[in-house]
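**Q** Residues per chain, in single letters:
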Amino acid sequence: MTASTPDKGDFRRDEVIAGEYVLGVLSADDRRKVEARLASDRHFAAMVTRWQNNLSSFDEAYDPVVPPARTFAAIERRLFETASSPTAVPVRAGLWQSLALWRGLALASLAAVAIMGASMAGLFAPPSGGRPLVAEMTGKGISVDLVARFDRDSGHLRVTPVATRQAEQKSLELWLINGDNPAVSLGVLPQTGEGEIIIAPAMRAKFSRGSVLAVSIEPLGGSPTGSATGPIIALGKARDL
Amino acid sequence: MIDDEISGLLGRVSLRDRAAFTELYRLTSPKLFAICLRILGDRSEAEEALQEIYVRIWQHADRFSPGQPTPMSWLAAIARNRAIDLIRARKPIANAIDEAYDLADPAADPEKSAVIRAEGRRIDACMEELENDRADAVRRAYVEGLSYQELAEIYAVPLNTMRTWLRRSLLKLRECMER
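In order, the protein sequence lines correspond to chains B and F.
Position one of the first sequence corresponds to residue 19 (this note's numbering), numbered consecutively onward.
Position one of the second sequence corresponds to residue 78 (this note's numbering), numbered consecutively onward.
These are computed hints drawn from the structure, not numbers from a lab.
Do not take every clue at face value.
Distance ranges between label pairs, derived from CB positions [stated by the list, open to error]:
| no. | chain 1 | residue 1 | chain 2 | residue 2 | range |
| --- | --- | --- | --- | --- | --- |
| 1 | F | Asp119 | B | Ala220 | 48 to 54 Å |
| 2 | F | Asp119 | B | Ala218 | 50 to 56 Å |
| 3 | F | Leu104 | B | Ser58 | 32 to 38 Å |
| 4 | B | Ala220 | F | Lys168 | 54 to 60 Å |
| 5 | B | Glu53 | F | Arg256 | 29 to 35 Å |
| 6 | B | Ala91 | F | Asp81 | 27 to 33 Å |
| 7 | F | Ala233 | B | Leu238 | 54 to 60 Å |
Built from N, CA and C at the ideal position, the CB exists for glycine as well.
For reference, chain F alone in the conformation it holds in the complex (with noise of 0.2 Å):
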């Protein structure tokens, strides 16, 4: 399975192993690729981002560990990470979470997000209960890095309408994956 190879490979990437490294790299750097293509949306910075990304999984593929998510998605969380970082310092955007949140949902019992627990559905599952230009907003936020502000006038709804809308999302689709 895939994501065996990847898990040794990135073993063996700890431990200064660069055969291993170039297989991982040949491997995993067509998604991570992507990732910085769509979210920086420009050719030489996805280039220079993936330069970064593999020299951070160089140094810190140690930390990778059988308490992680798959080692594929380890990966692209470091891309998207790297990406969004980058995107978010060339068009900076207004901060927001030392502000109130507007979380009010009569549906919803406060009690039931207080723990972590094991999850008996998948995302995609609960992204069907949500209504579908707030599922399609959830997912395009995550998959082209959008901001608040761009996700507002993709819509054509005012800063604060979207930001309840992902916010309320995001507390449904918790409540959905939990039930």
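Okay, chain B solo, but in the shape it has when bound (with noise of 0.2 Å):
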């Protein structure tokens, strides 16, 4: 198999490449080279997409067994109990790894807006009481990059989009997270320009140094459930002004 962008004749082997990869019959080593080109070959993954689809009726097959009981606790254990383990990659930090993998995937139908990748510099400027908060939301290669500016006194936050190539009939919406607590929706920026949402004053108390917003893609008008159905197309920290 070769890198680069095969001529039609190679189309029916790649063809084959990607069905065998989906059902498993290849080595160790050519599963990593299939995997390596799925990330640079936008039309070779969109093969192996396909695959997938089409041979997923095959899951019938598999009779689902409940596993016991302790799986699911080690799993907790080892997503978030690894904060006191030094050695352990904090679960954040798992966040932005995976985000940083963003970079390079084709997504065959929202390529425009789900590559994300996240930049945190200079994230942590010493606090300074009563000033406004700034979060930058930034995606490399994507189609939005926000400044979101909190001013803790008045309520108001503004969102700014610096870079607006977004599908139509789509609406972008505002979450905050703290730590590992839920997203809680911000509500719905404007479709166009500047965005100012005055958030809630019950919610004025949540934001603070470190407290992560995120831009989702939602249907018109925002997530109908409540909770973001969407990709995450911006994600960044909030810091002191």
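Dock chain to chain to rebuild the complex, using the hints, since each chain is given by itself in its own frame.
**A** The structure is reproduced here in structure tokens:
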């Protein structure tokens, strides 16, 4: 398999390799080669996704088996009790790593917006009481960069899209995340231009340095469920201005 | 609908919602555990794999998007990929994709596969167009995570014959689904 874009004569071979990958018959080395190409060749990635869709009806052959309770306990330990262990990777770092990995991923229908790299430079300025908080939410190579500025006294949260090349008929919804608590919706950003959302008084206290602001793509008007349903396109941690 | 529910849960999990993660696990782990058991064939290995799979789901839930397959098949693919990686590491097999592929099939038009196009048929209908043992081999490769060597032994054919069977079957399936 070559890393370069194949000419037409290679498409049948590519289809077969994509199918073999999804079937699972390839060796470990060959699987790594396929995955490397998945990251760089959108057309090939679409072939693999299509085989996954096609063959997923075989999943019906797996009759569900409830795993023992200890398995979920072990998962929770691995995910949520690692902070005290000096060698463990904190959960938050895992999130940033996963975001960095978004770069170069080609998702067929959302390629323009779903590729995300988090820029976290200079986020921790010294604290200063009463000053506004600002979060820069950026994604490398994606359609939207946002700067959020929160004035604690007035409760104004101003979100400025630095660049918007966003598909129509979708809304951008802003979320606040504190630690491992569930994300709370802060509202839907105006479709164009600078957006300002007034945060309800009860919510204002939840803003602090280290709060994470995230923007997801939702159906027009915002998430129908109250939780984010679309991809997260921007994410940033609040710091003092 | 269950797919909508799982989609919503994945969205919440990507925002670090632990309650959503617990619920996602409750709904989906029996299927993913079944995948691990079937492919790995060992209960303790399957439990260990399931842990890794859900750690990965927690960390990568934000990668699920409406452009993907259904959420359940997306999760199943994560589980199958992990289980197959483990079984291939445990029982190494020969590399294949750098060698020449024998794809000769006079009935097929090479141009047919050159474009990703919408599909009007389901895989099940196309599987019925394959010879029985070949369809069976395709299905067992997927469901059980079998290698070409294992399939060749099961069907008592030479390794290269099995490769040719499966590769041509894949092309026939592709051609059928685009028809």
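**Q** Each hint: holds or not?
**A** Each hint tested on the structure:
1. Asp119/F with Ala220/B: 48 to 54 Å: Between aspartate 119/F and alanine 220/B, where Cβ atoms are some 52 Å apart, the hint holds.
2. Asp119/F with Ala218/B: 50 to 56 Å: holds (53 Å)
3. Leu104/F with Ser58/B: 32 to 38 Å: holds (34 Å)
4. Ala220/B with Lys168/F: 54 to 60 Å: About 58 Å separates the Cβ atoms of alanine 220/B and lysine 168/F, which means 54 to 60 Å holds.
5. Glu53/B with Arg256/F: 29 to 35 Å: Because 30 Å falls inside the window, the suggested range holds.
6. Ala91/B with Asp81/F: 27 to 33 Å: Holds: the Cβ-Cβ distance is about 29 Å, inside 27 to 33 Å.
7. Ala233/F with Leu238/B: 54 to 60 Å: 59 Å Cβ-Cβ, so the 54 to 60 Å window holds.
Violated hints: none; the structure is consistent with every hint.
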